[in-house]
Amino acid sequence: MNADRSEPRASARAAMAAFIDALRRRLRDFESRASLPQELEQTVRQVVASDDLPTRFTQAATSVGLEVHPASPTDWMDLIGDILRKHDAHSVVVQLDTDSPLGKRAATELGNRLTADGFAPTTALDDETLFSADAAITSVAAAIAETGTIVCTSGPGLARGASLLPPVHVAIVQTSQLVPDQCDYFDQLAGQAGLPANINLITGPSKTADIEGILVTGVHGPRHVHVVLVSP
Amino acid sequence: MSTPTAFRQRVCEAVADERVVRAVHLATWHKMEARAESMRQLRDPEAIRELAAQIKQHTLENLPHYLEQFVAQVERSGGCVHFAADADTARRIICDIAAAHGTKLAVKAKSMTSEEIHLNDALEAAGVRTVETDLGEFIVQIDHDRPSHIVTPIIHKDRQQIARALVRETGCEYTEDAEELTAIARRYLRDIFRRCDLGITGVNFGVAESGTLCICTNEGNGRMSSTRPRVHVALMGIEKLVPRLRDLPVFLKLLARSSTGQPLTVYTTLVTGPKRVDDPDGPEELHVVLLDNGRSELLTGEFAEVLRCIRCGACLNACPVYRNIGGHAYGSVYPGPIGSLVTPLLQGLDEHAELPRASSLCGACQVVCPVKIDIPGLLVRLRVRTRRSQPLLKRAAIRLWKWMMKSPTRYAWVQWCLSRLLPDCRDGWSRGGPGPLGAWTHCRDLPIPPKQSFRKLWRERLSDER
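If you read the protein sequences in the order shown, they are chains A and B. One point on numbering: in my numbering, the residue at position 161 of the first sequence is 208, and numbering is uninterrupted. One point on numbering: in my numbering, the residue at position 350 of the second sequence is 362, and numbering is uninterrupted.
Do not take every clue at face value.
[Stated by the list, open to error] Derived, one-sided and incomplete: chain A residues facing chain B with beta-carbon distance under 7 Å: (1) Gln85; (2) Val95; (3) Val115; (4) Thr194; (5) Ser201; (6) Pro203; (7) Phe233; (8) Leu236; (9) Gln239; (10) Ala240; (11) Ala244; (12) Asn247; (13) Glu259; (14) Ile261; (15) Val263; (16) Val266.
[Stated by the list, open to error] Computed, partial: chain B to chain A, Cβ under 7 Å: (17) His113; (18) Leu257; (19) Thr312.
If you are wondering where the hints come from, they were derived from the structure by calculation, not from laboratory data. Just so you know, these numbers come straight off a predicted model, no measurement behind them. Using N, Cα and C, we set each Cβ at its ideal position, and we do this for glycine too.
Work the whole structure out from these sequences, hints included.
Structure below.
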């Protein structure tokens, strides 16, 4: 932070602290009646680990407009090719997290395969690329079976724009990444040492019903979201 | 600012516009059905509502603690927190941030709080072009209109009006196809997103333990506005806090269901600080503006629970008054049952004394409220506060009523009088009548009393049996 901005920051901090102090004085004689509930899970949880998570995920995801493609470790790349052809996509952003269960070499292998199949894959994440790409292929940080949600986070080599700007988003989910319920995902986050700056729980293609209640997809984000669900 | 007569005028105009009444009816019924359907997916929705209410109430009662924790965590993650005691301060803080970065073009995600402080006017006056990017709010902005629902702002507009507004603003070809209209807006706003240098969003939940902002949108306007520009300003009321990350599922499972009947909004975005050094994209600066604007005054009083509100809009859809008069008639930023509480409480009871009366107290709002706010009960308590401003005639009438109800003879006599006084209309309802009776029946449906009163029937039956 440069010098000319440190002064407003200090005064902002002082104003905040003064308000909290005043509030504390005001609430001093006020007796708090509501305690913070500790047991949330047994009330809130809808899906448990022993449920059939891939089936549950597929049902929930399909009902919110995601297209789920079951795949195996040997055919997932073929499926991606089919999806891209279906949308006439040529330029494709490939953004696979090296930490994902797909493995470190997956991005290179997929890139080579797509090039061989006549697509134009790129790992560039600059504005020009993201705004003009026909599709993006990304890994996910997790997926939630309860709601059919895929989770994309920011991080080194992970642009927020990849799952947002191109009109088609293909997410690769390993069944091992499925968590049963939102409770599980947020518990996982709470136990994490530091959170990524940006986490997106994506539950369907970008949509609106602002015009006479008619459902239209692809407002700002992708119009089509495909999930390639890879079982071991 | 509105007088009771102005309110009455607005209501009369609203109910006369059959096209709008029909549109609002259709949309709200649809959303009510979708809500009921999606709530049934939960194992015990009642218990989750109870939890949500308790977590919010606890947070409010211990707000200094959670505010302190939240502020420390936002700063730890590299964000900057500003405090705005009132709307004027909030506008100044945001305009200063814009000026410090030489902002020319700002984008805005949908935010009711920014409507509350009339932010756009202030930014435009400071020379910053500010573009709403939620499709509904964008149409409102280019049509110089006002939102009429807190979730679906153009619930009152048909596609012809939307098409005309888009043609005027973007120079596109006229079309009434919803998909094409959306595509036109997408293209237009894409260009804006590429060039903008400041993004403004609201906040659905602020997590105290991690300093995380949770922003829920369906279109992606929240994601765009917090991803594309160099600077992200998040405006939130101080009541938006929840203590822990694991509290979020409690609210997320209720919010979208209550709003639109979805299990979750399409995008649930969790922002913890600005872009990290290694992140390929994202804003370099994050400013969180915490707005009081009258909220802290309510914390220790009998109306504290209105601060639990998560702005889902379910009470609007459930309200028979809202469904008939639409959002504009309320003349306030927050319409509907919750607006009839929040507006007078935050902006002054004198200017909005008529709003707590814009309710039949049927209780539908309370039944659907995800955080169990006793809206009808609070409306009555708010009415009590304006008691002194009741017209003399009404007070006299109520005293007369009390006197009449205390004696069976007097009750029977008044009943007999009324059955003669009320004009008989062909449609089975009483309209008109002398003096104040005419005013009363003007906007209420009073069935024509039967020729024989129940008391008379009862007496005759009794004598038969004897």
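We went through each hint and held it up to the structure:
Hint status for A/Gln85 relative to chain B: violated, with the closest Cβ pair at about 10 Å, above 7 Å. A least Cβ separation of about 11 Å between A/Val95 and chain B goes past the 7 Å threshold, and the interface hint is therefore violated. Annotation: interface hint on A/Val115 violated; nearest CB of chain B at approximately 16 Å, more than 7 Å. The interface hint given for A/Thr194 holds, since its Cβ lies 5 Å from the closest Cβ of chain B, which is under the 7 Å cut-off.
The interface hint given for A/Ser201 is met, as the beta carbon of that residue sits about 5 Å from the closest beta carbon of chain B, less than 7 Å. The criterion of a C-beta within 7 Å of any C-beta in chain B is met by A/Pro203, whose closest approach is roughly 4 Å, and the hint holds. For A/Phe233, the shortest C-beta to C-beta distance to chain B is roughly 5 Å, which falls under 7 Å, so the interface hint holds. With a cut of 7 Å, the hint placing A/Leu236 at the interface with chain B holds, because the nearest CB-to-CB distance is about 5 Å.
Interface restraint check: A/Gln239 against chain B, minimum CB-CB distance 9 Å, threshold 7 Å, status violated. Interface restraint check for A/Ala240: the shortest CB-CB distance to chain B comes to about 11 Å, outside 7 Å, so the restraint is violated. For the restraint placing A/Ala244 at the interface with chain B, the shortest Cβ-Cβ distance is roughly 5 Å, inside the 7 Å limit, so the hint holds. Look at A/Asn247: its Cβ gets to within about 5 Å of chain B, closer than 7 Å, so that hint holds up.
The interface hint given for A/Glu259 is met, as the beta carbon of that residue sits about 5 Å from the closest beta carbon of chain B, less than 7 Å. Below 7 Å, beta-carbon pairs count as interface contacts, and A/Ile261 has one with chain B at about 4 Å; its hint therefore holds. The interface hint given for A/Val263 holds, since its Cβ lies 4 Å from the closest Cβ of chain B, which is under the 7 Å cut-off. Among the interface hints, the one on A/Val266 holds; its C-beta lies about 4 Å from the nearest C-beta in chain B, closer than the 7 Å criterion.
A cut of 7 Å between beta carbons decides the hint on B/His113: the least distance to chain A is about 10 Å, and the hint is violated. Below 7 Å, beta-carbon pairs count as interface contacts, and B/Leu257 has one with chain A at about 4 Å; its hint therefore holds. This hint holds: B/Thr312 has a C-beta 5 Å from the nearest C-beta of chain A, less than the 7 Å allowed.
Checked against the numbered hints given earlier, the structure breaks hints 1, 2, 3, 9, 10 and 17 and satisfies all the rest.
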